[in-house]
Amino acid sequence: MTRANKTKGLVAAAIAALVALPVVADENAKLIVNDEIEMITEAPAPDHMENMTIIRSGWTFRTKETQALQMDDFENPGMPAVDAAMDAWNTVEGTAGKACATCHEGPESMKGVRAVYPKWNEAAGEVRTLTMQINDCRTTNMGAEEWKYIAPEMVAMEALISMQSRGMPVNVAIDGPVQATWEQGKELYYTRFGQLELSCANCHEDNYDNLIRADHLSQGHINGFPVYRLKNTRLNAVHDRFRGCIRDTRGETFSVGSPEFVALELYVASRGNGLSVEGPSVRN
Amino acid sequence: MRLALGMAAMSVLVAGAAPAGEIAPKDVVYDEYGAVETSLTGVPGDPANGAAVLANRGTGNCVACHASTALADVPFHGEVGPMLDGAGSRWSEAELRGLIANAKMTFDGTIMPAFYKTSGYIRPGNAFTGKAAETPELPPLLTAQEVEDVVAFLMTLKDE
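Chains as they are written, first to last, in this note's numbering: chain A, 1 to 284; chain B, 1001 to 1160.
Treat each hint with caution, since some may be false.
Within a straight-line C-alpha distance of at most 27 Å, the following computed DSSO-like cross-link-like pairs (lysine-lysine) qualify [said to hold, decoys possible]:
| id | chain 1 | residue 1 | chain 2 | residue 2 |
| --- | --- | --- | --- | --- |
| 1 | B | K1131 | A | K148 |
| 2 | A | K119 | A | K148 |
| 3 | A | K98 | A | K111 |
| 4 | A | K231 | A | K98 |
| 5 | A | K30 | A | K148 |
| 6 | B | K1158 | A | K231 |
For the chain B half of the interface with chain A, some residues (derived, Cβ under 8 Å), not all of them [to be verified]:
| id | residue |
| --- | --- |
| 7 | E1032 |
| 8 | Y1033 |
| 9 | A1035 |
| 10 | A1072 |
| 11 | F1076 |
| 12 | P1082 |
| 13 | P1113 |
| 14 | Y1121 |
| 15 | I1122 |
| 16 | R1123 |
| 17 | A1133 |
| 18 | P1136 |
| 19 | L1138 |
| 20 | K1158 |
Calculated directly from the structure, the hints in this document are not laboratory data.
Since the structure is predicted, the reported quantities are computational estimates derived from the model, not experimental observations.
Glycine included, C-beta positions come from ideal geometry on N, C-alpha and C.
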């Protein structure tokens, strides 16, 4: 055997080993954005998850083409909305004559914020989503109008804020004052809604990685939100996605911003503790 | 007035009183293993229509969860449930009827929806609108005859 042939043989064996071990192949698909921000797309499941050992970002379930769009901000179709939010950040609005920038300087000051929401707000005595916090700043601090819960301006602002935490692990608290809300969210996650009697867990815990018709089911994490979906060509809010998934059970959904969806958001976010904040991510 | 009467007549239909000779969803009798002996309509099932029901997103959409070699020309078969090939050899007609009408009677807690059932849901919606159901009882996902057609099709799926 010539040297060259020997090498070829070795390479072929290595490829065969890769094919036989899909786990190894998966680990090779790394999400590094702009050749710079390394994302954790697979992690040990947090202790509070009873039925799962590893958690995987929705990114790992998408096709190579869709994955690639998220690896470079120039390709990421969610970025124009972020630019618009940058303008809104600096725009004075409301009776107090303030912009976000008046109190917070640049958006970099928001680093770490996305990773810990929803979280307890002591003064208000409530669990707050990032959306609720943005609206509280608008009304209380700026004297401006609230944005609608999933209005494009709101989702874009969330994308701008999420971006500052990209790569940081989601780390939502589940105990102390938020515990009751977390329990409520968990209860909702395992409730079989609608005429099809399907729970979130039926699809995203029992059947992730399976095809349901043409859809490759992910674990349904929200670390990537807001998500640009190629299907509806816009940034999508968490509660919008929850609404769509319950609608697909032939069920009556809850409203965006409802206490039920706030609780569900807290619970689903906590299932992704350990995955990187990816927003704005790209999915199909 | 006329319209209102027409609508009242419709809602009676929806709410259960099955056409003469049909067994209404709430009257279906399951044996202890979940099988249903008696035909829901007394009319033999049409396997060709059954195949269409399995493939159609708007009715059975069974291929969302199941693959079937006999339906290879239909795009996108799911992986949530077992392959249906050979189902007609594995199960009797009565067992298949029970499985389609309400699979929870055969497999406790299964993810497979009940196709001939009208109540007992949590937050039932108005089809895929996301809005609340308009009547306390929903129309079943499949009509009695569609269930019979699906059963007839599944009975043709024999092991080689």
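Do the hints match the structure? See the list:
no. : hint             : result
1   : K1131/B x K148/A : holds (20 Å)
2   : K119/A x K148/A  : holds (20 Å)
3   : K98/A x K111/A   : holds (21 Å)
4   : K231/A x K98/A   : violated (37 Å)
5   : K30/A x K148/A   : violated (36 Å)
6   : K1158/B x K231/A : violated (39 Å)
7   : E1032            : violated (22 Å)
8   : Y1033            : violated (20 Å)
9   : A1035            : violated (21 Å)
10  : A1072            : violated (15 Å)
11  : F1076            : holds (4 Å)
12  : P1082            : violated (12 Å)
13  : P1113            : holds (4 Å)
14  : Y1121            : holds (6 Å)
15  : I1122            : holds (6 Å)
16  : R1123            : holds (4 Å)
17  : A1133            : holds (7 Å)
18  : P1136            : violated (13 Å)
19  : L1138            : holds (6 Å)
20  : K1158            : violated (26 Å)
The structure fails hints 4, 5, 6, 7, 8, 9, 10, 12, 18 and 20 (numbered hints given earlier, in ascending order).
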